[in-house]
Amino acid sequence: GESVGLHLPTLSVQEGDNSIINCAYSNSASDYFIWYKQESGKGPQFIIDIRSNMDKRQGQRVTVLLNKTVKHLSLQIAATQPGDSAVYFCAEKGAGGGNKLTFGTGTQLKVEL
Amino acid sequence: EPEVTQTPSHQVTQMGQEVILRCVPISNHLYFYWYRQILGQKVEFLVSFYNNEISEKSEIFDDQFSVERPDGSNFTLKIRSTKLEDSAMYFCASSDSRSGTQYFGPGTRLLVL
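First to last, the protein sequences are chains V and P. First residue of the first sequence? That's 12 in our numbering, and the numbers climb one at a time after it. First residue of the second sequence? That's 205 in our numbering, and the numbers climb one at a time after it.
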C-alpha cells in the first residue's frame, strides 16, 4: 500500500544555519509531492510542491529535492529563522488516484538562538 | 489574502451527540476536503467533495459522517453520534482545481467526553 514517512521526528538547528528535512515514500507511482508547515494549534500551511517530472524546485529560502530512484524527498530551508520552528509534513498525491493527500508523520524543527 | 475559515475553534460534546463542524472555503475554489489529526498523529484524509457530491472518501468516513454544502459559501461535516475516538483536530481544505494546491483552515478541535 502507499505510505509516506519521515526519517527523523525532531531536528534542532542553530539560527542562521541551513535545515534539511527528509521524507521517504514507498509508492513509485506517486507523482506529486507537497511540503506543509504546521505551527502549534494551526492548520497545515503550504510551503512548496514538486511534480515527479522534476528533480528540484526552489522557492523563497526553500528548496525541495526529489530523488525518484530511491523514493526520497527533502526540504531545505536556508538561513533558518526562529519563525521556521514548526512541524513539517511531506504529503503525496496521485499514487492511488483521486486528489486526496497522504501525509507523513512529521518532523519537529526546533531553531535554537 | 484569501483563507479558509472554520468554526467553532473548539467543540466539546458528550459521546453519542451530533456535532456539525463548519467551514468557509476560499471563495473561488470548487474542491473541498475534510481531514482530521488525532493528537500527536499525522493528518488523515476523510473526504473530498466536488460539484455537490462526494468524490472520494476514506475508510474513516463511515455512515456516521456526512458532508454538505448548504449554500454557496459553507461546507459542513456532520458526525451523527460521536464516539470517544472521534476526538481530534478537524481540518477543512479547498482547492481551485482537482490538481490545485489544497489550502487548509485553522481547524476545529473536537473533544468527545
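Note that these hints are calculated values from the structure, not bench results. Hints should not be assumed to be uniformly reliable.
[Said to hold, decoys possible] Chain P side only, calculated, beta carbon under 10 angstroms to chain V, not exhaustive:
#, residue
1, P212
2, S231
3, Y235
4, V247
5, V251
6, N255
7, Q268
8, F269
9, I283
10, R284
11, F295
12, V316
13, L317
[What the hints assert, rightly or not] Just a few of them, taken from the derived set where beta-carbon distance is under 8 angstroms, the chain P residues facing chain V:
#, residue
14, H214
15, K246
16, S252
17, N256
18, F265
19, G276
20, D300
21, R302
22, Q306
23, Y307
24, F308
25, P310
26, G311
Glycine included, every Cβ here is placed at the ideal spot set by N, Cα and C.
So which hints don't hold here, by number, going up? The structure breaks hints 1, 2, 6, 7, 8, 9, 10, 12, 13, 14, 17, 18, 19, 20; every other hint is satisfied.
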